[in-house]
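**Q** Listed in order, the protein sequences are those of chains H and C. The first sequence begins at 1 in UniProt numbering and counts up by one. The second sequence begins at 1 in UniProt numbering and counts up by one.
The set of hints was computed from the structure by calculation and includes no laboratory data. Certain hints may be false.
[To be verified] Label pairs and their calculated CB-CB ranges:
| id | chain 1 | residue 1 | chain 2 | residue 2 | range |
| --- | --- | --- | --- | --- | --- |
| 1 | C | P793 | H | W31 | 32 to 40 Å |
| 2 | H | A67 | C | G1079 | 31 to 39 Å |
| 3 | H | A7 | C | P403 | 57 to 65 Å |
| 4 | C | A306 | H | A67 | 44 to 52 Å |
| 5 | C | Q1012 | H | W31 | 46 to 54 Å |
| 6 | H | Q36 | C | T237 | 32 to 40 Å |
| 7 | C | Q1012 | H | Q36 | 13 to 21 Å |
| 8 | H | W31 | C | E1059 | 56 to 64 Å |
| 9 | H | Q36 | C | G1079 | 39 to 47 Å |
| 10 | C | E868 | H | W31 | 53 to 61 Å |
| 11 | H | A67 | C | E412 | 29 to 37 Å |
| 12 | C | D907 | H | A7 | 18 to 26 Å |
| 13 | H | W31 | C | Y405 | 19 to 27 Å |
[What the hints assert, rightly or not] Keeping only pairs whose Cα atoms sit at most 27 Å apart, straight-line, the calculated DSSO-like set for lysine-lysine is:
| id | chain 1 | residue 1 | chain 2 | residue 2 |
| --- | --- | --- | --- | --- |
| 14 | C | K906 | H | K63 |
| 15 | C | K960 | C | K874 |
| 16 | C | K115 | H | K71 |
| 17 | H | K71 | C | K168 |
| 18 | C | K143 | H | K71 |
| 19 | C | K168 | H | K63 |
| 20 | H | K63 | C | K825 |
| 21 | C | K143 | H | K78 |
| 22 | H | K71 | C | K289 |
| 23 | C | K168 | H | K78 |
| 24 | C | K168 | C | K143 |
| 25 | C | K1056 | C | K1015 |
| 26 | C | K143 | H | K28 |
| 27 | C | K320 | H | K63 |
| 28 | H | K63 | C | K874 |
| 29 | C | K81 | C | K132 |
| 30 | C | K343 | H | K63 |
| 31 | H | K63 | C | K143 |
| 32 | H | K28 | C | K168 |
Remember, it's a predicted structure, so these values are computed and weren't measured experimentally. The C-beta atom is built at its ideal place from N, Cα and C for all residues, glycine as well.
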Amino acid sequence: MADKLRAQQQLEQLQARYVGTGHADTTKFEWSSNIQRDSYASYVGHPPLLSYMAIGMGECREKVRGAMIEKMIQPVGKPPEVQD
Amino acid sequence: MATTSTMFMYSLTVQPPTAITQAILGQFAGTKEQQIVTASGSRLTLHRPDPSQGKILTALSHDVFGIIRAIAAFRLAGSNKDYIIITSDSGRITIVEFLPAQNRFSRLHLETFGKSGVRRVIPGQYLAVDPKGRACLIASAEKNKLVYVLNRNSQAELTISSPLEAHKAQTLVFALVALDVAFSNPVFAALEVDYGESDQDPTGQAYEEIEKTLVYYELDLGLNHVVRKWADPVDRTATILFQVPGGQDGPSGVLVCGEDNITYRHSNQEAFRVAIPRRRGATEDPQRKRSIVAGVMHKLKGAAGAFFFLLQTEDGDLFKVTIEMAEDEDGAPTGEVQRLKIKYFDTVPVSSSLCILKSGFLFVASEFGNHQFYQFEKLGDDDEEIEFTSDDFPVDATEPYTPVYFHPRPAENLSLVQSVDSMNPLMDCKVANLTDEDAPQIYSICGTGARSTFRTLKHGLEVNEIVESELPGVPSAVWTTKLTRSDTFDAYIILSFTNATLVLSIGETVEEVTDTGFLSSASTLAVQQLGEDGLIQVHPKGIRHIRADRRVNEWAAPQHRSIVAATTNERQVAVALSSGEIVYFEMDSDGSLAEYDEKKEMTGTVTCLSLGEVPEGRVRSNFLAVGCDDSTVRILSLDPDSTLENKSVQALTSAPSALSIMAMADSSSGGSTLYLHIGLYSGVYLRTVLDEVTGELSDTRTRFLGPKPAKLFRVSVQGQTAVLALSSRPWLGYSDPVTKAFMLTPLNYPGLEWGWNFSSEQCTEGMVGIQGQNLRIFSIEKLTDNLLQESIPLSYTPRQFVRHPEHPYFYTIESENNVLSPATKAKLLEDPAIVNGDATVLPPEEFGYPRGRGHWASCISIVDPITEKSVLQKVDLDDNEAAVSMATVSFASQEDEVFLVVGTGKDMIVSPRSSTAGFIHVYRFHEEGKEIEFIHKTKVEEPPMALLGFQGRLLAGVGKDLRIYDLGMRQLLRKSQTEVVPNLIVGLQTQGSRIVVSDVQESVTMVVYKFQENKLIPFVDDTIARWTSCTTMVDYETVAGGDKFGNLWLLRCPTKASEEADEEGSGAHLLHERQYLQGAPHRLALMAHFYPQDIPMSIQKTNLVAGGRDCLLWAGLQGTLGILIPFVGREDVDFFQTLEQHMRSEDAPLAGRDHLIYRSYYVPVKGVIDGDLCERYTLLPTDKKQMIAGELDRSVREIERKISDIRTRSAY
C-alpha cells in the first residue's frame, strides 16, 4: 500500500513540475489542449517558424505572436460537460 | 548508429542569416562608444555604428550553435561596461562579455535551469533585466519564471545567484519588462492571463470573462525571495509592455499597449489611456484598429523627466508618446502623472527592434527586408502634427470614444543614412549563369509587401572606379613609381608598349613628360625606385639606372642576348637573359648597382622571377624565386655566403607565368608569414609558405582562376598587403578583416591584362590596370562583404519564380494577403463620396498598401536581371485571385512551344485553409519572353499548389490529386488523375517517368507514370512526417529536401523498388502490389539528416565556382545560403569526423547548447559533418590548435589547408 501511495505522490509531483504529464484518466480534451498549447508555444519560440507563419498570413510577427498566445488560452474550444 | 551512413556531406554556410530577431544597445566594449548586438538565427553579431560616416559596420559574428531566444544588456552599478545575457534553447542562462582587444565574446556564467529545447514551460522566451543591473527575470510562455540576482564579489567579478522561483501554474505570459524603480527592490511587470477556470467551465462563460492582468513581481533583496506584489486587470487585447523611467527621471510604471490604445499603468498612480491614431486616406478603412508592435524608450541627457517613447504600429508608423507630469514650485517634475500625449512622428519599416543611439541615430532592425539606419533631424517637437492627449479618452477600455486620425506623410524627423542589405525573408532561389561568366550567379526573390525585391548575388568584391581613359595604343604593362624613398605618393605612371615606353606624371592632371631619363624607344620590363632617390628601368637590352641628378648609368645585356624577365626591389635587381642565365645586382653603399660576378645558368628558359620586399632593418631580401618553362619554381639564396645557390625546388603542373614573394598576415601563426604566390600558364594560382630561414616551400594551396595565364601583383588594400591575381577576370587575395583567414575573391570588374599599385593624394590606396586600350584606376573600399547584391524592386510578396528556358528572363508570382487589389483601390478612389478630395497616394515602399480583410492583391512580373535590371511587364490578377504556383511547360501537342502556366486560388483563407475555387492560367511568350499574353484559364476545385512540365504535358498537384493535363483550345484537358498523398501536394520534381511528389505534411512519395496504361502509381513513400518545404532530385534514386521545422534531409529509394517501378509492363503488378502499413509498398531510406535551424525554402544541385564540384545549395527563409558538399573518400570523412568531435569539446558552443544535440534537434543528425564548427578551428588559440593537431596526427597548417580547401573547391 505504501508503495502505491509513493507512486501516486511521485506522479503528482511530476504533474506539478512538468505541465502536461498525463494520468490514467486524462481526457481527450486535456490531451489535445495540451498538445495544441505545446505547438503554439513552439511556433512562438522558434523565430523562423513565426516568420514563416506571419508571411503566410500577411500579418506582422508581433501580431501573430500575440494571436498564438491568445489561442493557447482555449486551443481546442470549450471543455466537455462533466458526466457524473 | 545515427552518425554512420554510406553517404557523407559537409555542411557549410555561404551567407549567414540576415534576419534580426532582436537587437540591443549597449557599451559592450567598456568605452563611451555604443554598440549594437543582434541575434539572428544562431548568430550573435556585434555591430559598430560609425557616427562620422553614418554607417554601421560588423565587428564580430559568433555562431553559438543554438537557437537564441532573447538577449539583454545590463550593467552593474558603478561599472561602465555592459554584459550580455542570452537565453537560448540550451536550458541555461548565459552571461557573455565582449573583449574588444581580442575581438571575441567570452562567457562569464552558464547556469543550468531546465530541459533543453524551446518548450512551453522552459523559461527563456522572455527576458527582463533590472535597469540597475541587480537582477534578471526569465520566463516561459506558460507558468515558469525564474529570477537571478546579479552581484559582484570582492574581486569585482560578476556573480550570479541560484534561481528564485515565481511560478504560477496555468498562467500565460504575453509580455514582460523590468520596472525602473531606481534603488528600491527590483520589480518586474508581466502581462498575464490565467486560463485555469476557463479550462474547467463547459459553458464557456469563464472564457468570456477572462481578464488580462498586469502583475508586479518584486524581488525582495533583503529576504531573497520573490513576491507577487500587485495585480490589476488591463485591456484584454494588450500584448506588449514598455518600461517608463522611474526614480529621478520619471514616474515609473509601464505602458500597456493593446488594440487601438496605449495605457499608462502603475500601482500608485491613476491610469491614463490614449487611442492610437488611425491613418486617414481615401483607401484606408476608418474602422481598422492598430496595435503597437515595437517601440523604444529614450531618455534625453540633462533634464530630469525628459524622456519619450517611439512606438510603432503594424503599418510602420512611429508615434512619439510623452508623459506629462505635475510640477512642483520650482518647475521640476514630481513624478505624478497628469496626462499621456501621442503624436505621429514618421514612418519606417515594421521592426523587430528599435535602437536609439546617443549619437542621434536610429537603428531599425526590420522584421522583413533591409535593416535601416536613420539619423534624427529633429525630435518632432515643434511641428504641425496634432497631439492627442489622454484627457479625451476614458480609462475603461469598454467605454466608447471617438477614434482619432492622422495623415501619414513623408519622413520629416528621420533621414535614412544606410540601408543594410538583408535577404530576409528569402522565398525562392535559383542558380544560373546568365552573364556567361566563369561562375554562375545566384538569383533570389526576397522581402514582403512593397519592399519585396528580386536579388542577384555574385561572388566578388565591390570595385570603385576612379578613372577610365583610352590610350593611343595597346599597352602591355603599366607601373607607378615614386621619385624618392621618402615620397608618400606616386609621381609617374609608366606605360610599356611593344617598342616604346610612355611616362605620365601624376599631379593635378595626368600628362606626358619626356625629360625623365627613361628610355622611350624600347618596351619596359620593370620599373623601380631604387635606394634613396634613384630610378631603375629594365628594358630588353639592359638596365637603366637614373640618378636624382638625371645622370644615367646603363648596364647593357651581353651581345645576342636580351632580358626576358626581371624583378626588383628597392635594393636589389635580378634579370634573366634569353640564354637562361640569371644576372643579379645589388645596390652598394654609394647608391650604384653592382653586378654579382657569377651568372647562374638555369636548365630551361626563365619565364618569371620574383624578389621579396627588403624586410625592415635588413639590407636585402634573402630569396630569389625563379620560374622556368620546365614547370618548376626554384628558390635561390641571395645570402652573401651562398649567392645564387639552389635552396629548394617545387614542381608544378604547368609552366609558371608569374611569381611573387610577399609577407602577409597569417591566421595560423598569428603574425606575418612569407608566402610565395605562383601563377601558372594554365590559369591556376598557388600559394605556398616560404620558410624564412631555409627557403623550403610547404603548405601549397591551389585555386583555379580562369582559362588565361595568371599574373600576380603586390597591392595595398585597406592597409594590408594583398595580391592582385589576373586571369580571365581579376581576383584579390587578402586576409579577411574579421576572421583573418586568407580569402581569394574575384573583383566585380572587367578582365585586366596588367595591374599595379597606385597611390596619389586623391586616391591613397588604389590600383592601376590595363584593359585592352584603356587605362583604369580603381580602388577597393570594403573587404568584409564578398557577395555582391543587386536588387530590383517587386510589387508584392514574391512566392515563386521560374526562368525562361532559353532567354535570360525570370517570371515571378507575387501575392499579398489582406491587401486591396489595384482594381479595388481604383474603384475606391473613383468614388467621390469616399475620397472627400483627399486622394494623395503615398509611395507603398515606405507606407505599405491599404489593407482590407479577405482581400488579395497578386501579379505576375517579368524580370530582366541582366540588361534592363527592372520589371519589364506586370500582369495583375483580378477577381480576388492570387497566384500560388507556376511552371514553364512545353506542350508536345503545340509543337513543343513553351508556355507559362500559373496556378491561382480565389478568395483564399490561409488558416484554416479554404478557397472558393482554383484556376490554372496559361500564358504565351512573346518577344523572346519579354511579354506574356493570357490565353485561357481552367477551373479546378482547389488552388493547384504545384505545377511542372512533364513529358510534353502539364503535371499539376490539386489538393491530394496528381493530374496530367494537355493544352486544349479553350482550356486544359485532363488526361490522367490519381490520389497519391494524404493531405496536399506542395511540390513536384521529375526525372524520366518518375515523379517525386511532396506533401505538405507527409514527406515525399515517388510516383511512376505508366504511359501505356496512362496511370500514375505511387510506389515508395516515407516513414517520418516531414512538413516538406522544398525538394530536388540529386540523382534518379535520391531526393534532397527541407522542411518547415528547419531540417535538411536526403532520402533514397531502395534499388529493388526503383528497378521494379521502371520495368516495362509492370503497371498492373505495381497497381495491385500489397500496401505496406497503409502506405505505398516500399519505404524510402534516410541517407542524411541535418538541422541548420533556418527553414529551407529552396534546394538545388549546382556548381558555384568555375571548375568546382557539384554541391547542394539551399536557401533559408531568414536569408541563409548554405551548401552541402558530398565527400568522395572515406579518409576525409574520418578526418573531419574526428576534427568535429574535438571541436565539440574544445570549442563548446557559447550559449551552452550541446552541439551534437543541437544539430539533432528533431531527428538525430546523420551523415552530415558541420563545416561551420570545423571552420572555427582557425579561430582557436594556438595551444588548442596544436593539441587537436597532435590528436589528429597532423600539423596545424595541414588541418587548416584541408578546411580551407574543402570550402574553396565548391564555394566561396
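**Q** State for each hint whether it applies.
**A** How the hints compare with the structure:
1. Checked against the given bound of 32 to 40 Å, the beta carbons of C/P793 and H/W31, roughly 49 Å apart, lie outside it.
2. Distance hint check: the CB atoms of H/A67 and C/G1079 are about 35 Å apart, consistent with the given range 31 to 39 Å.
3. The hinted range of 57 to 65 Å is satisfied by H/A7 and C/P403, whose Cβ atoms lie roughly 60 Å apart.
4. For the pair C/A306 and H/A67, the supplied restraint of 44 to 52 Å is violated, since their beta-carbon distance comes to about 36 Å.
5. The hinted window of 46 to 54 Å between C/Q1012 and H/W31 holds, with their beta carbons roughly 50 Å apart.
6. For H/Q36 and C/T237, the Cβ-Cβ distance of about 21 Å falls outside the hinted range of 32 to 40 Å, so the restraint is violated.
7. The beta-carbon spacing between C/Q1012 and H/Q36, approximately 48 Å, falls outside the hinted interval of 13 to 21 Å.
8. A beta carbon spacing of about 44 Å between H/W31 and C/E1059 contradicts the range 56 to 64 Å that was offered as a hint.
9. Separation of H/Q36 from C/G1079 is about 26 Å and departs from the stated range, judged on CB atoms against 39 to 47 Å.
10. Distance hint check: the CB atoms of C/E868 and H/W31 are about 58 Å apart, consistent with the given range 53 to 61 Å.
11. At about 33 Å, the CB distance of H/A67 to C/E412 agrees with the hint of 29 to 37 Å.
12. Take C/D907 and H/A7: their Cβ atoms lie about 56 Å apart, and the range 18 to 26 Å is violated.
13. Range check, H/W31 to C/Y405: Cβ separation about 48 Å, and the 19 to 27 Å hint is violated.
14. Under the criterion of a C-alpha separation no larger than 27 Å, the hint pairing C/K906 with H/K63 is consistent with the structure, at around 25 Å.
15. Restraint check for C/K960 and C/K874: the C-alpha separation of about 31 Å exceeds 27 Å, so the hint is violated.
16. In summary, the hint linking C/K115 to H/K71 is supported, as the alpha carbons are separated by about 24 Å, within the 27 Å threshold.
17. As the CA atoms of H/K71 and C/K168 are separated by approximately 19 Å, the hinted pair is consistent with the 27 Å bound.
18. Between the alpha carbons of C/K143 and H/K71 the distance comes to roughly 16 Å, so the proposed pair stays at or under 27 Å and holds.
19. Restraint check: the Cα-Cα separation between C/K168 and H/K63 comes to about 25 Å, which is no more than 27 Å; the hinted pair holds.
20. Taken as a hint, the H/K63 and C/K825 pair is honoured in the structure, with Cα atoms around 25 Å apart against an allowance of 27 Å.
21. Restraint check for C/K143 and H/K78: the C-alpha separation of about 21 Å stays at or below 27 Å, so the hint holds.
22. Between the alpha carbons of H/K71 and C/K289 the distance comes to roughly 20 Å, so the proposed pair stays at or under 27 Å and holds.
23. Only pairs whose Cα atoms come within 27 Å are accepted, and C/K168 paired with H/K78 is accepted, the gap being roughly 22 Å.
24. Of the pairs offered as hints, the one joining C/K168 and C/K143 holds, with about 5 Å between alpha carbons and a cut-off of 27 Å not exceeded.
25. Restraint check: the Cα-Cα separation between C/K1056 and C/K1015 comes to about 21 Å, which is no more than 27 Å; the hinted pair holds.
26. Using a Cα cut-off of 27 Å, the hinted pair C/K143 and H/K28 holds, with the two alpha carbons roughly 22 Å apart.
27. The hinted pair formed by C/K320 and H/K63 meets the criterion: a straight-line CA distance of about 21 Å does not exceed 27 Å.
28. For the hint linking H/K63 to C/K874, the alpha-carbon distance of about 31 Å lies beyond 27 Å, and the restraint is violated.
29. For a cut-off of 27 Å, the pair hint linking C/K81 to C/K132 stands: about 13 Å separates their Cα positions.
30. Restraint check for C/K343 and H/K63: the C-alpha separation of about 22 Å stays at or below 27 Å, so the hint holds.
31. Taken as a hint, the H/K63 and C/K143 pair is honoured in the structure, with Cα atoms around 22 Å apart against an allowance of 27 Å.
32. Restraint check for H/K28 and C/K168: the C-alpha separation of about 24 Å stays at or below 27 Å, so the hint holds.
The earlier numbered hints that this structure contradicts are 1, 4, 6, 7, 8, 9, 12, 13, 15 and 28.
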